[in-house]
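Could you put together the complete structure from these sequences and hints?
Single-letter residue listing:
There are 2 protein chains.
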Amino acid sequence: MTQNIYDNPEFFAGYSRLDRSVEGLEGAAEWPALKALLPDMRGLEVVDLGCGFGWFCRWAREQGAARVLGVDVSEKMLARARDTTIDPAITYLRADLERLELREAAFDLAYSSLALHYIDDLPALLGRVHCALRPGGHLVFSAEHPIFTAPANPGWSVDAAGRKTWPVDNYLCEGPRRTDWLAKGVVKQHRTLGTYLNLLLRLGFALAHVEEWGPTDEQIAAHPSWAEARQRPMFLLVSARR
Amino acid sequence: MTQNIYDNPEFFAGYSRLDRSVEGLEGAAEWPALKALLPDMRGLEVVDLGCGFGWFCRWAREQGAARVLGVDVSEKMLARARDTTIDPAITYLRADLERLELREAAFDLAYSSLALHYIDDLPALLGRVHCALRPGGHLVFSAEHPIFTAPANPGWSVDAAGRKTWPVDNYLCEGPRRTDWLAKGVVKQHRTLGTYLNLLLRLGFALAHVEEWGPTDEQIAAHPSWAEARQRPMFLLVSARR
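Each protein sequence line maps, in turn, to chains X and C. For any residue, its number in my numbering is found by taking its place in the first sequence, counting from 1, and adding 26. For any residue, its number in my numbering is found by taking its place in the second sequence, counting from 1, and adding 26.
Just so you know, these hints were derived from the structure itself, not from any lab. There could be a bad hint or two in this list.
A pair counts as met if it fits within one copy or between any two copies, since identical chains are not told apart.
[Stated by the list, open to error] Quick list of in silico lysine-lysine cross-link-like pairs, DSS-like style, CA-CA up to 27 Å:
hint	residue 1	residue 2
1	LYS190	LYS214
2	LYS190	LYS210
3	LYS102	LYS210
4	LYS102	LYS214
5	LYS61	LYS214
6	LYS102	LYS61
This is how it looks when you write it as structure tokens:
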């Protein structure tokens, strides 16, 4: 079972203060790039795996999605999602994604933002997602980039020449990584980029786009601190079709 | 035009002493994994982009390929390839891959081992390769992994805890990297993994497999020093179909 860190009070308090929690999708640096991978939402049946506060579910409906199912393991996040949603076409479901059952061929789009790197049995989840999509249906997700999740001791270091570098090790050693981010002992699952992609290919997905996200020049002009993401990617964005 | 470093006497002498130059394909750590991505070779028309000493061209014929065209920019390498090949179905062509013209729909397999990271205008080359493949034809290549090519100052460093790490920077800053490997000032082109894959997808290739190569347990038992490749991948292996 995936660790439910979002219901840890310290983690939840910290997460609630992030730009992406306060401002929603527009507060997430990678959102414009992820949005560009999405199909025309009009009339689509959508499932959001790890929906959090429900920002994407509500956005999908604003764009014309027919129905949206938001799934999350966090009681605290879903409580806020429900409090801020008045739309009978959005359903929130509390479930561990590791055990989620989805109807077959019921969705046109499966979306997931920064949730899949918490999943231990990703092959099983993606297999169920493949079954739950209609033929031609879309899978669009972001996850923490393997370069970001790999290190035993993640964090910038400064080399002899004064250059900031990201010390990669254990890249090909897949498995859990315990890190301290917003709370102590957050468990993420490191897997290589090849593993993510080959999982999709073996399930029968056709890959459409693979993006190692970095900020645009305009974003850096507005947020100079984001420039460090060009040194090593933090997010992986993928779109694929059943 | 791509730098023709292989005809630099110092580089050529050093390269000629590598296991992969002395022992051929079996001397290359990643060969078993790359071989596993190849189709049944019987009856295929094959082009090898960056054929070097011609080891793969000869192997392809041993496996039943109908005809093999080996292309390389290095005069010294092709001279040795010609000296060690007695097979009228293998043709060696000296050409800069940046300017190579290939007949349309003439090949069943385009193969390239550790050459594409030297190519400046990779979109143009891969576009010509796509045209040169028959529908359903295969592209199988290896290249230096972007984690390996990214750093301004590539090389292991040892962190405070005594752990060997690979300091990544400039990952999203694509372009030339000058390194000293076998000779001074070898120019490689760094591009992200996403860029490699999206180039293929936009050309109409379907991705079949993406591997960030690491040694197997058996390989490490036989060659303990190879274990460091698990800390950060050195090679990217890709197979795709037109």
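Right, here's what the structure says about each hint:
1. For the identical chains of this complex, LYS190 and LYS214 are neighbours both inside a copy (24 Å) and across copies (22 Å), given an alpha-carbon limit of 27 Å.
2. Taking CA atoms no more than 27 Å apart as the test, LYS190 paired with LYS210 passes in both settings, with 25 Å inside one copy and 25 Å between copies.
3. Proximity of LYS102 to LYS210 under the C-alpha cut-off of 27 Å is restricted to the intra-copy arrangement: shortest distance 19 Å within a copy versus 58 Å between copies.
4. In the homo-oligomer, the alpha carbons of LYS102 and LYS214 lie at most 27 Å apart inside one protomer (20 Å), although the nearest pairing across protomers, at 50 Å, exceeds that limit.
5. For the homomeric pair LYS61 and LYS214, the shortest alpha-carbon distance inside one copy (24 Å) is at most 27 Å, but the shortest distance between copies (33 Å) is not.
6. For the identical chains of this complex, LYS102 and LYS61 are intra-copy neighbours only, at 26 Å inside a copy versus 50 Å across copies, given an alpha-carbon limit of 27 Å.
Of the numbered hints given earlier, the model fails none.
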